[in-house]
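Given next are the chains, with one letter for each unit.
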Amino acid sequence: MESILQVKNLNISFNTYAGEVKAIRGVNFDLKKGETLAIVGESGSGKSVTTKSIMQLLPKSNSEIKQGSEILFDGKNLVELSDKEMEKVRGKDISMIFQDPMTSLNPTMKIGKQIAEPLIKHQSFSRKQAMDRALELLKLVGLPQPETRIHQYPHQFSGGQRQRIVIAVALACNPKVLIADEPTTALDVTIQAQILDLMKNLQKKIDTSIIFITHDLGVVANVADRVAVMYGGKIVEVGTVDEIFYNPQHPYTWGLISSMPSIDADDDELFVIPGSPPDLLNPPKGDAFALRNRYAMTIDLEEEPPMFKVSDTHYAATWLLHPDAPEVEPPLAVQKRQHKFRGNNHTEGDVF
Amino acid sequence: MGKYLLQRILFMLLTLFIIISITFFLMKLIPGSPFAAAAKLSESQRAIMEAKYGLDQPLPIQYFRYMANVIQGDLGISFQFSNTPVTDLISGRIGPSAMLGLQAMIFGTIFGIFLGVIGALKQNTWIDSGSTLIAVLGKSIPSFVFAALLQYFIAVKLGWLPVAFWRGWEYSILPTIALSIFPISIAARFMRTEMIEVLSSDYIVLARAKGASSFEVAFKHALRNALIPVVTVLGPLAVSLMTGSLVVEKIFAIPGLGEQFVTSINVLDYPVIMGTTILFAALFIFIVLVVDVLYSIIDPRIRLSGGEN
Numbered sequence: 000m001e002s003i004l005q006v007k008n009l010n011i012s013f014n015t016y017a018g019e020v021k022a023i024r025g026v027n028f029d030l031k032k033g034e035t036l037a038i039v040g041e042s043g044s045g046k047s048v049t050t051k052s053i054m055q056l057l058p059k060s061n062s063e064i065k066q067g068s069e070i071l072f073d074g075k076n077l078v079e080l081s082d083k084e085m086e087k088v089r090g091k092d093i094s095m096i097f098q099d100p101m102t103s104l105n106p107t108m109k110i111g112k113q114i115a116e117p118l119i120k121h122q123s124f125s126r127k128q129a130m131d132r133a134l135e136l137l138k139l140v141g142l143p144q145p146e147t148r149i150h151q152y153p154h155q156f157s158g159g160q161r162q163r164i165v166i167a168v169a170l171a172c173n174p175k176v177l178i179a180d181e182p183t184t185a186l187d188v189t190i191q192a193q194i195l196d197l198m199k200n201l202q203k204k205i206d207t208s209i210i211f212i213t214h215d216l217g218v219v220a221n222v223a224d225r226v227a228v229m230y231g232g233k234i235v236e237v238g239t240v241d242e243i244f245y246n247p248q249h250p251y252t253w254g255l256i257s258s259m260p261s262i263d264a265d266d267d268e269l270f271v272i273p274g275s276p277p278d279l280l281n282p283p284k285g286d287a288f289a290l291r292n293r294y295a296m297t298i299d300l301e302e303e304p305p306m307f308k309v310s311d312t313h314y315a316a317t318w319l320l321h322p323d324a325p326e327v328e329p330p331l332a333v334q335k336r337q338h339k340f341r342g343n344n345h346t347e348g349d350v351f
Numbered sequence: 000m001g002k003y004l005l006q007r008i009l010f011m012l013l014t015l016f017i018i019i020s021i022t023f024f025l026m027k028l029i030p031g032s033p034f035a036a037a038a039k040l041s042e043s044q045r046a047i048m049e050a051k052y053g054l055d056q057p058l059p060i061q062y063f064r065y066m067a068n069v070i071q072g073d074l075g076i077s078f079q080f081s082n083t084p085v086t087d088l089i090s091g092r093i094g095p096s097a098m099l100g101l102q103a104m105i106f107g108t109i110f111g112i113f114l115g116v117i118g119a120l121k122q123n124t125w126i127d128s129g130s131t132l133i134a135v136l137g138k139s140i141p142s143f144v145f146a147a148l149l150q151y152f153i154a155v156k157l158g159w160l161p162v163a164f165w166r167g168w169e170y171s172i173l174p175t176i177a178l179s180i181f182p183i184s185i186a187a188r189f190m191r192t193e194m195i196e197v198l199s200s201d202y203i204v205l206a207r208a209k210g211a212s213s214f215e216v217a218f219k220h221a222l223r224n225a226l227i228p229v230v231t232v233l234g235p236l237a238v239s240l241m242t243g244s245l246v247v248e249k250i251f252a253i254p255g256l257g258e259q260f261v262t263s264i265n266v267l268d269y270p271v272i273m274g275t276t277i278l279f280a281a282l283f284i285f286i287v288l289v290v291d292v293l294y295s296i297i298d299p300r301i302r303l304s305g306g307e308n
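Just so you know, the sequences run in chain order P and W. For what it's worth, numbering that gives the first Met the number 0 labels the leading residue of the first sequence as 0, then goes sequentially. For what it's worth, numbering that gives the first Met the number 0 labels the leading residue of the second sequence as 0, then goes sequentially.
Hints in this document: simulated from the structure, not taken from any laboratory. Where a beta carbon is used, it is the ideal one built from N, C-alpha and C, also for glycine. A few of these clues could be false.
One side of the interface only, derived from the structure: several residues of chain P facing chain W at Cβ under 7 Å [stated by the list, open to error]: (1) Thr50; (2) Met54; (3) Glu86; (4) Arg89; (5) Met95; (6) Thr102; (7) Pro106; (8) Glu116; (9) Lys120; (10) Phe307.
Using the sequences and the hints given, assemble the complete structure.
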């Protein structure tokens, strides 16, 4: 399938008073046309930094995208574009939905104008045309009484409604890529479900590719076609949603899956991954997860594992996949899932 | 909105009444008599003068008489310029003061906001440091020192502008600059701080994500949100212009209210002191109302209570 966006060897550092924080350490992935790629990982794993760098929205004063990093979109390397050129990409070809709808709309501007703004800027719509289109968009995202509400200010809307408006802003110019940075995290569960349904429906309607950042695996199962698991500024495992949920290979993914609460599980305690995220001021020499990994081997502390191929769509960076590695028993929850996977390929939805 | 304004105006009148009362009694605490300075008057002549102006009456009687007159719009007759009503004195002098104050306010806030915005946009560059330097100097140098420096360098040494007096618009330039240095520094500091805060907020990132240029981000999205605290200090600033003008008018020999006010206090011209105070107080109260209305115009989240919204 054709790739619309390719990230190659992305390295990003932040310069702080304490020193250089290597937040992103060689990230590679591609986004295929029409798919939803979920990026999951704990706080500080580099999910948001990766996506902000695609939009070139990182603060120039203290962040640095290293030489050799490539973000290829439409034949251009976005890292090398000038500010002016990048302005033409933002909001038009690539747009973004942010985490907190309560703070991501301008409180002193009517919502109609906020939706119309990118249309006037990128599509050279007249003010009237742009407002008509804004009204259409508000209907599309299911905002009640759009004719009157288009003239209201953000504080007159609830959180869920505001996120619908933010989605309308993001979709205004029919972007080829939509980046959703934890779009449901700040919403309560029922509204979350509504917003996820809305995004799935809209994706079919306007044929866009979505990068969906989240730390909620339940959401991933619901929306994603493929999943990339990030840890310590790297992607440690990538695969289709079934492969990640039912045949995970990386011990960190095992940890994530085991720590998901499950209705039919009969254990009393919820599994947690011990320890805390790695210090990216001085990244560990070997596998960044080694110190928290009970399956770690000596080599994990010395050498970084490369990406091992599991299938054409499934890769994982763990020495456990090396031919010489000993057989290990994954956690029980993972074993159960793997059993299901082998017994019946494609249990969840129809992927690809 | 209408109901709210009505309520506010009633409270303004009450405030004004309290200010007038307090000023009246405070003024009477200043020792001496307005006619004591005129040495030529004999004891009995002075008694006649005091009786003529009602100054021989007990204080409460004087107060009630004065208040009754004020309510009817009569501010009394000046002692120093015999037979001239205070209202005439004030209206004859208010022109230059109002013009100076207004010019200084407009120039000061616009230039100050501009300095603050570019300071925030070019944070930690020499432009930012320059804007900070101007603001710190403006706040630490008193306006009369600045006025004297302007007179010496621009008027005397360079001869570009007149040193003093009030004979046309070019005479107002130096006093306006001297007066506006304080509003400039205040507006610049507040604007810079608030602008930096606003520029790092989520909706600014979203505006950039929509493809807005840094100019559009700063002026279409950030400026309006950053204005609120600046508007808040505009009220006290306006007062500082009024009081600052007392000294500046004196230095530039401008026939304004301030100059007259200072002279009146020196010779205990009670009616003129009272009249000018009432005017200043009324202006101040009015500005506070204007600031509150400005809030609701700038920020739609602020609705004036008492209205229908």
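| task | Could you work out which earlier hints the structure fails to respect and list their numbers in ascending sequence? | result | 1, 10
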